[in-house]
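Whole structure, please, built from the sequences with the hints as guidance.
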Amino acid sequence: MNKSDKFVAEQFDINDEEWTINKCKQFLRFIQEKPTNTRIEMEKNDENHIFLPKYIKAVNENGKKFYEWKSEELDDIFEAIFQFLNKYYPDINKFQLQTNHDEKISEWKIKYPILKKLKSKKEADLQNDLIKEVNDKWLPGFKYLYNFEYQHAEYVGDLIFANDLGILVAGETKIIGYSPFQYKKVNEAEKQAINYRNILMDETKDKPEIITVIGCYFLKPSFLGNRKRFPLDIDRKIWNAIKKVNKSNKKSLDSDQQSVAPTTGEETLYNFEKGTEEQENEEIVKDFDKMNL
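In the numbering used here, the protein residues as written are 1 to 293.
Calculated from the structure, these hints are not laboratory results. Possibly wrong hints are sitting among the right ones.
To be verified - The list that follows gives simulated cross-link-like pairs (lysine-lysine, BS3-like), each with its CA atoms no further than 25 Å apart:
1. Lys185 - Lys207
2. Lys121 - Lys94
3. Lys3 - Lys244
4. Lys119 - Lys185
5. Lys94 - Lys243
6. Lys34 - Lys57
And the structure:
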């Protein structure tokens, strides 16, 4: 048992995976709804299970029992939850996500030429680029197209992606130009991403295969290149925790592979250039935020 497996076994009830997955889902959604809270009332059966005792303590108050945690440890809590889900999220759910992805890709190939005529060609092209490059360039790990042109009452969302942890990204796309009035489009994209995320949170609350939803919007300003943003800080924290777990898993995989065959020079150069590009993107986004559009 490696260090990560040992940590997960000590911090979660791995003998009751269904309960633990449901508790992870409940906790994440509670925090997303009430990000400043540091306690949640325990349910009747909770005391018979292990749930992150390193960070989450069981406390009694006025005859009630609560899970309690420190807000400054949320990043570590999120990372631990995703470590567990990385190991125990059911394979059948991943299979269903892959099957749905294949169906949606087929549908997109038919819809894409139509969207270029019905709406902005540039935005349709941006969405097509996202679908093709989301796992490699935009949101590593979110390799499944879950849905697109998602209809809810009068609202139509742009794209939904999923990963192998059962997390959805509700994504809005927007083309931004040079005009000072374009900042209104950024605000519009931000509001749409939050609205889209909240709609999906509600509609997936009873779907056991969907753990939670985070909101994101994708911009294509001609003077900056393509960019992604998370309008809610709590969703950004979740994304950062997912990135850390992905990075940790990649290092572990690379280490295993290197014990058989060393990484080639080309692969090393590619990884370096990719990391540099991500750093430059973050710096440019900071500059963009300071601009008076």
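So, going through the hints one by one against the coordinates:
1. Between Lys185 and Lys207 the alpha-carbon distance is near 33 Å, which puts this suggested pair outside the 25 Å criterion.
2. Distance hint between Lys121 and Lys94 is unfulfilled; the C-alpha atoms sit about 33 Å from each other, more than 25 Å.
3. Distance restraint check for Lys3 and Lys244: the Cα-Cα separation of roughly 16 Å lies within the 25 Å cut-off, and the hinted pair is therefore satisfied.
4. For the suggested pair Lys119 and Lys185, the alpha carbons sit about 16 Å apart, so the restraint of at most 25 Å is met.
5. This hinted pair checks out: Lys94 and Lys243 have alpha carbons roughly 19 Å apart, not beyond 25 Å.
6. For the given pair, Lys34 sits about 18 Å from Lys57 by alpha-carbon distance, which is consistent with the 25 Å threshold.
Hints 1, 2, counting from the list given before, are not met by this structure.
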